[in-house]
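Participant: Chains as they are written, first to last, in the numbering used here: chain A, 961 to 1172; chain B, 602 to 810.
Everything labelled a hint here was simulated from the structure, so no lab data went into it.
Glycine included, every Cβ here is placed at the ideal spot set by N, Cα and C.
Hints may be right or wrong, so weigh each one.
Every beta carbon over 10 Å from chain B, so not counted as near; a handful from chain A, in silico [said to hold, decoys possible]:
1. Tyr987
2. Phe997
3. Tyr1010
4. Asn1012
5. Lys1014
6. Ser1021
7. Leu1025
8. Lys1047
9. Gly1050
10. Arg1061
11. Asp1123
12. Asn1143
13. Asn1150
14. Arg1170
What follows is a list of derived Cβ distance ranges for each label pair [stated by the list, open to error]:
15. Lys1014/A / Ser635/B: 44 to 54 Å
16. Leu1011/A / Arg638/B: 40 to 50 Å
17. Asn691/B / Thr1164/A: 19 to 29 Å
18. Asp751/B / Phe1055/A: 24 to 34 Å
19. Lys643/B / Thr1164/A: 52 to 62 Å
20. Thr1164/A / Thr734/B: 24 to 34 Å
21. Leu1011/A / Thr681/B: 48 to 58 Å
22. Asn1150/A / Asp794/B: 37 to 47 Å
Examples of chain B residues toward chain A, derived with CB under 10 Å [unchecked claim]:
23. Thr644
24. Ser647
25. Thr680
26. Ser684
27. Asn690
28. Asn693
29. Gly694
30. Val696
31. Tyr703
32. Asn705
33. Asn718
34. Pro719
35. Ser723
36. Gln742
37. Ile745
38. Leu773
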Amino acid sequence: MKNIIKFKKNLFIPILVIFVISLSSCYNDYGLNSTDFDVVLTVNDSSTNYLNYKTFIIPDSVVQLGGSTISNTYSALMLNTFINQLKSRGYRQIFPTDSVRADLVALVTVTSSNNYVYNYDYWGYWGWYGWTSYYPFGPGYGYYPVYSGYSFTSGTMLMNLIDVAKTDTINKKVGSIWLGAINGVIDGNNQSDRIINGVNQAFTQSPYIRTY
Amino acid sequence: MKYLKILILIIFTTAIANSQPIFKFNYSVSFPNSNLRQFVDKTSFSGLNLEYGQYFSRGSYSLGFSFGWNMFSQQYTGTTNFSYQSGNNNLNGAVTGNQLKYVNAIPLLITGSYYFNPSENSIVPFVSFGTGTYYIAQRYQFGIQEIDNDKWHFGISSEAGIIFKVHKGLGLNTSAKLNYAFDSGNSITGKADNDYSFWSINVGFTYAY
């Protein structure tokens, strides 16, 4: 009995130290669920005067990178929510059949893997839409200035506004004047609400996107 | 030098022979200071402190070990604006999402305490000083992204409190304690200045065998 008590006393301090150090792994989880981990990021060029733009054109499909797949329902929701926000800010939508060129090209992309979005290839996409003659950029064109080596993790929806007049055909760069990225909306529950809320939040963070 | 070592050993051995174990357990509420406050500025209600030592009744003092845990955490759900230079371009941005900040502070200290008139009074004031190491686990989480920065720091503490004797060998105590962990490496934001400091209000019990 005395040996047991002595044995327990000798172990008291080491057990106490291990117990206390293990507490360093304690973190308050705040009761968050998957939707609470969505992040909305926007980046803009501070030298751009967004009031100079009045019209935009947008493809009728979402570009899917890295093997990502998204249903037609959610693709349509992304595009329509983006279009409605631009219209609410005073921009007029132009279509390829119109006789005038748009000031801006609006693009929606989804990714399913880690990507440094600095330069990606629109070849198949542009060719199908027949825009290579309408817009002077095509395969292998990269972006400037707002992309600059961002890394977007899986399940990110990207919205892009491109100033056609800033296209650099020599260096193969298109002029991105605004980026909106919504991380986490491609997977999980309540995707419709999260897409709508994410796009709306991106525009809430971007009050400068307007024609008036 | 040899005789000094022997003298210290004799004093220590004699003291041990006239000592008895003392144990303290406290619940701790903590308030961040300085760099810690800049990262998390909320009060911590998650903390505890344990002390185990030898009480030397003739000298009214104790020597022992102190172990603690204090978790600071804060949630921020607003929008953070930022700006940066990319080549010749000035870019602005904003990001919205759940930001979670955590600091787990684990002091592991050698402590010495002095008790004022412990035999005569039922209310015994005391002061303590400690030195040792602090394990600081710092975490920043934004959406699904997470950054950890865990470091060992050299640190010190000072404490003043009162023990209310309720029974032979058993007392209730309350105290105020200052913890300070010196710089160690860089902070989670890359700053070289990453000392940590926090105040604690402790309530608990003391038991001397």
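Participant: Evaluate each hint against the coordinates.
Facilitator: How the hints compare with the structure:
1. With a least CB separation of 5 Å from chain B, tyrosine 987/A falls inside the 10 Å interface cut-off, contrary to its annotation.
2. Against the 10 Å criterion, phenylalanine 997/A falls within the reach of chain B, whose nearest CB is about 5 Å from its own CB.
3. A cut-off of 10 Å between C-beta atoms confirms that tyrosine 1010/A is not in contact with chain B; the least separation is 12 Å.
4. Residue-level check passed: asparagine 1012/A sits 17 Å from the nearest beta carbon of chain B, beyond 10 Å.
5. Distance check on lysine 1014/A: its Cβ is at least 22 Å (rounded) from any Cβ of chain B, clearing the 10 Å threshold; non-interface status holds.
6. The Cβ of serine 1021/A lies farther than 10 Å from every Cβ of chain B, with a closest approach of about 27 Å, so its non-interface assignment holds.
7. For leucine 1025/A, the non-interface assignment is confirmed: its Cβ lies about 19 Å from the closest Cβ of chain B, beyond the 10 Å cut-off.
8. Here lysine 1047/A stays apart from chain B, with its beta-carbon at least about 22 Å from theirs, past the 10 Å limit.
9. Every beta carbon of chain B lies more than 10 Å from that of glycine 1050/A, the smallest distance being close to 21 Å; the non-interface claim holds.
10. Distance check on arginine 1061/A: its Cβ is at least 25 Å (rounded) from any Cβ of chain B, clearing the 10 Å threshold; non-interface status holds.
11. Non-interface status of aspartate 1123/A relative to chain B is upheld: no Cβ of that chain comes within 10 Å, the nearest being about 13 Å off.
12. The claim that asparagine 1143/A lies off the interface is violated: its Cβ sits roughly 6 Å from the closest Cβ of chain B, which falls inside the 10 Å cut-off.
13. Look at asparagine 1150/A: its CB is around 16 Å from the nearest CB on chain B, clear of 10 Å, so calling it non-interface holds up.
14. With a least beta-carbon separation of about 16 Å from chain B, arginine 1170/A lies farther than 10 Å from that chain, consistent with its non-interface assignment.
15. A beta carbon spacing of about 52 Å between lysine 1014/A and serine 635/B agrees with the range 44 to 54 Å that was offered as a hint.
16. For the pair leucine 1011/A and arginine 638/B, the beta carbons lie near 42 Å from each other, so the given range of 40 to 50 Å is met.
17. At about 22 Å, the CB distance of asparagine 691/B to threonine 1164/A agrees with the hint of 19 to 29 Å.
18. In this structure the supplied range 24 to 34 Å is violated for aspartate 751/B paired with phenylalanine 1055/A, their Cβ-Cβ distance being about 56 Å.
19. Taken as a hint, the range 52 to 62 Å is violated for the pair lysine 643/B and threonine 1164/A, whose Cβ atoms sit roughly 27 Å apart.
20. Remark: the range hint 24 to 34 Å for threonine 1164/A to threonine 734/B is contradicted by a beta-carbon distance near 46 Å.
21. Against the hinted window of 48 to 58 Å, the Cβ-Cβ separation of leucine 1011/A and threonine 681/B comes to about 26 Å, which falls outside the hint.
22. For the pair asparagine 1150/A and aspartate 794/B, the beta carbons lie near 43 Å from each other, so the given range of 37 to 47 Å is met.
23. Among the interface hints, the one on threonine 644/B is violated; its C-beta lies about 13 Å from the nearest C-beta in chain A, farther than the 10 Å criterion.
24. Look at serine 647/B: its Cβ gets to within about 7 Å of chain A, closer than 10 Å, so that hint holds up.
25. Annotation: interface hint on threonine 680/B holds; nearest CB of chain A at approximately 6 Å, less than 10 Å.
26. Taking 10 Å as the C-beta cut-off, the interface hint given for serine 684/B holds, the closest approach to chain A being about 7 Å.
27. With a cut of 10 Å, the hint placing asparagine 690/B at the interface with chain A holds, because the nearest CB-to-CB distance is about 4 Å.
28. Contact between asparagine 693/B and chain A, as hinted, is supported at the beta carbon level, the nearest pair being about 5 Å apart and thus within 10 Å.
29. With a least beta-carbon distance of about 4 Å to chain A, the hint placing glycine 694/B at the interface is held under the 10 Å criterion.
30. Interface restraint check: valine 696/B against chain A, minimum CB-CB distance 5 Å, threshold 10 Å, status holds.
31. Restraint check, tyrosine 703/B versus chain A: the minimum CB separation of about 5 Å is within 10 Å; hint holds.
32. Here the hint on asparagine 705/B is kept, as its CB sits about 4 Å from the closest CB of chain A, short of 10 Å.
33. Taking 10 Å as the C-beta cut-off, the interface hint given for asparagine 718/B is violated, the closest approach to chain A being about 30 Å.
34. For proline 719/B, the suggested interface contact is broken, since its CB lies about 24 Å from the closest CB of chain A, more than 10 Å.
35. The restraint placing serine 723/B at the interface with chain A is violated, with a minimum CB-CB distance near 29 Å, outside the 10 Å limit.
36. Because the beta carbon of glutamine 742/B sits about 9 Å from the nearest beta carbon in chain A, less than 10 Å, this interface hint is met.
37. The beta carbon of isoleucine 745/B comes within 5 Å of a beta carbon in chain A, closer than 10 Å, and the hint placing it at the interface holds.
38. Interface hint status for leucine 773/B: violated, as the beta-carbon distance to the closest one in chain A is roughly 21 Å, over 10 Å.
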